[in-house]
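For reference, the chains in residue letters:
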Amino acid sequence: TQLLEQSPQFLSIQEGENLTVYCNSSSVFSSLQWYRQEPGEGPVLLVTVVTGGEVKKLKRLTFQFGDARKDSSLHITAAQPGDTGLYLCAVPNAGGTSYGKLTFGQGTILTVHP
Amino acid sequence: KAGVTQTPRYLIKTRGQQVTLSCSPISGHRSVSWYQQTPGQGLQFLFEYFSETQRNKGNFPGRFSGRQFSNSRSEMNVSTLELGDSALYLCASSSDGDGSPLHFGNGTRLTVT
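Just so you know, the protein sequences line up as chains A and B, in that order.
Residue numbers for the first sequence follow the numbering used here, so the first one is 1 and each next one is one higher.
Residue numbers for the second sequence follow the numbering used here, so the first one is 1001 and each next one is one higher.
Everything labelled a hint here was simulated from the structure, so no lab data went into it.
Do not rely on the hints blindly, as some may be mistaken.
Taking beta-carbon pairs under 10 Å as the criterion, some of the chain B residues facing chain A (in silico) [stated by the list, open to error]:
(1) Ser1031
(2) Ser1033
(3) Gly1058
(4) Ser1094
(5) Leu1102
(6) Asn1106
All figures in this text were calculated on a predicted structure; none of them were measured in a lab.
Positions of the beta carbon are idealized from the N, C-alpha and C atoms, including for glycine.
Next comes chain A alone, as it looks inside the complex (with noise of 0.2 Å):
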């Protein structure tokens, strides 16, 4: 069982359409973040939420953390090709120190079509 399970695995639509990713887990989480990876890349981090019930806001990109910080979503308005990549979710280690340890989701392989 994956302690973040992100959905959907794959999504592929046109220039101009909205979307959104989610991020769900059983587990209470201190912080969330999102990464977006590129092909040949390594991936760069978007953003971190802390606090449940928070928005956060980069540019067309919207982050969500859950009330109760199990789960997030990334919302894109007008997504366009350059938005193309791995969409992934992490969370520090749970349980313990985190010393450079980051639990990832499975990401999410999105395709945006001109």
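Place chain B on chain A using the hints.
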């Protein structure tokens, strides 16, 4: 400021061989973490080093090892390579490895034949 640098970018090895991967962190960062990324298992934590000491370790066999030098550069070694070790190996650095953001390199793509 230069980012995290990993060398080499690509590597092809044969089963049974060993391999050493290198990571140079962002200047001033003292924590280096290593991750393995595969299509089936996703991103999995290998270990973390800070001031030349391993502080945290994931669930990988002893064939996977690492070290950190006094300049914070890190290497990881995989001995007796298996086909299943084929993966993208990512290194990430942070200032303290304890809550500060991780900055990832672009990885080393290892193929074991």
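Hint check results:
1. Ser1031: holds (5 Å)
2. Ser1033: holds (4 Å)
3. Gly1058: At about 7 Å, which falls below the 10 Å cut-off, the nearest Cβ of chain A leaves the hint on Gly1058 (chain B) intact, so it holds.
4. Ser1094: holds (7 Å)
5. Leu1102: holds (7 Å)
6. Asn1106: holds (5 Å)
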